[in-house]
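Asks: Letter by letter, the chains look like this.
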Amino acid sequence: MLSIRNLKAAINGKEILRGINLEVNEGEVHAIMGPNGSGKSTLAAVLAGRDIFTVTGGEVFFDGKPLLGMAPETRARAGIFLGFQYPVEIPGVSMVNFMRTAINEQRKYRELPEMNASDFLKLMRDKKALMEIDSALASRSVNEGFSGGEKKRNEIFQMAMLEPRLAILDETDSGLDIDAMKTVATGVNRLRRPNNAMIVITHYQRLLNYIVPDFVHVLSGGRIVRSGDKTLAYELEEKGYDWIKEENQE
Amino acid sequence: MNGDQDPIINQVTQGEYKYGFVTVLDNDALPKGLNEDIIRQLSAKKDEPEWMLEIRLKAFRYWLTMKLPDWAHLKIPVIDYQDIIYYSAPKSKKPAGSFEDVDPELVKTFDKLGISLDEQKHLSGFAVDAVMDSISVKTTFKESLADLGIIFSSFSEAVREHPDLIKKYMGSVVPYRDNFYAALNSAVFSDGSFVFIPKGVRCPMELSTYFRINAANTGQFERTLIVAEEGAYVSYLEGCTAPKRDKNQLHAAIVEIVVHTDAEVKYSTVQNWYPGDKNGKGGIYNFVTKRGICLGDRSKISWTQVETGSAVTWKYPSCILRGDSSVGEFYSVAVTNNHQQADTGTKMIHIGKNTRSIIVSKGISAGKGQNSYRGLVRVSKNAENARNYSQCDSLLLGDQCGAHTFPHIEVDNQSATVEHEATTSKIGEDQIFYCNQRGIDTETAVGLIVNGYAREVLNKLPMEFAVEAQKLLQISLEGSVG
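Those protein sequences? They're chains S and H, same order as listed. Here numbering that gives the first Met the number 0 is used: the first sequence runs in plain steps of one and ends on residue 249. Here numbering that gives the first Met the number 0 is used: the second sequence runs in plain steps of one and ends on residue 481.
Just so you know, the hints here were simulated from the structure itself, not pulled from any lab data. There's no promise every hint is true.
Derived EDC-like pairs (lysine to aspartate or glutamate); straight-line CA-CA distance at most 16 Å [stated by the list, open to error]:
#, chain 1, residue 1, chain 2, residue 2
1, S, K107, H, D440
2, H, K425, H, D398
3, H, K425, S, E88
4, S, K150, S, D125
5, H, K246, H, D276
6, S, K150, S, D178
Modelling step: build the complete structure from the supplied sequences, incorporating the hints.
Replies: Below is the structure:
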């Protein structure tokens, strides 16, 4: 589904990604771990098409199509979803209006008719129930005045609404207490399907107790320095990132 | 904002003006120019009584002694007042009493603007006075409103049919000496609407006036007068459009509102005069004096405006809060794109005790637009416990536009509470990217964000208008963000 080949990217002339290679197939969950500044969030942003980063090399294919030339909204419509580490507030724009606009833009791209109001509201109700989200959320403005936990849950709620083929969750656990993290993880697990995939970016192993990955990759200095199954995460937890850094320098 | 974003900005803000068409009509017009003779002819064409002509001439003589105001943050080229036609009316056989009498071309024009002059086809709950150039062409639902004692007619008709009311109230809030454009309007005004809601009556439908400038080289000078007697209520709407022309056209109006004890008037405007092209050529010069007085205790005036049109806007809908516990409100969204300039705001004059006012102003600037908020809050000596809250927000799209705030506060009573908050923000790249990432393109994202920003004001509009206004905001900014 996703094929990243020797991807390099820079910001303000400083190279952050220095040759990433990664294959993600349908039904898989990949965890990307790594110390601060290793390039985890940059990778997520580059895949979503954030233009403050310049791609300096490599290729990415999504469902066989070259991804890097696509506008960010086209990538989203093609099925890539980014769960933001810092969800953005949009004052005065209700979640209902925001989601309805998003869904209809995506449907238009897929040559489907617009969803009518009652179907849409039903979908919203169902997904709120699925994600155990407070029903007042829909009438509030996008992320405005939301607590840290509410913002993260709202990201997962949007993911449930949009049903992406590939979800990239950027440090969805950061800033959450253990209960909030469990709720978010439960929501994510309910969205796992044989025909979609997820990339879960996290600094800590603890999230992976709840969202169990098929593969774990360790990012350091803009490269994937080690890949393995979920046991790699435990090993990291035990030995710390310095272990990887040291080993890498040898 | 960096250079790369300019193309996006341009793309989003370069929407086309939809109402720029011209209707070919046979016009009955006076020659260009302004002098006493023209005023006499204008008055004669309107079949006016002598006293009205006298008011016009007094105003004209006073206007000749006045100087153009230059305090606004506007660059306005010199206007040649002798190069303007002051009266131009679509020719029709007779005043349109029934729908069948209205010139089909006029019906078509207003249909195109989304305004039906046919009561049968009309949006329920709306009565319309349609004004084309210098005259009112049709007022709908006049008869059914008359059954309740409500007068809703063109201004000219009111001068003939209700001279006592006109003599009593016209000029009582905006005297002709008030300012340059008020004097000019008082001399040459040609039509407009008159609304009178008698004691204790709640007007059952929204009343509205639709102003259309059609003829070239013509100025539109209309007056609106609204009187609400004790305990009366009315919601009044005003909409405006004009054809696209290379040459600027002048619009100088007066709106007066008089509200008695326990009465309330809600006045909403969606102003979409032709703003000029993207190089700043053409467009309407919009100089308007709007003021209401809360004469009685517990009376209320609420102004809501969405200003997206005009090359230049100079407009300060104001409230004089004379009655005790009276309330004044001003909610405004003003958009300037391309080369548009707006200097707009309000005055809240607190005279009575326990008077309250609220000001919410949302400026949106794009392109090379200049947007100024100018406001005055005055609490006079006897206004015990007066309260005002003002909030002025500016939103900038792009780096070539400007937002300016000129708040004036004068407080002569120690018990007053006056609060002023102001913010300036840019649409964030992160907000746009967030929308993009959900599949929403930049243009739609900007529309969403701007409408969200203006929501507090749009919510004050009657529903049908709010939907229109939302679309209008989006169109006005097509081609503008980053």
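Asks: For a quick check of understanding: which of the numbered hints are violated here, in increasing order?
Replies: As far as the earlier hints go, only 4 is violated by this structure.
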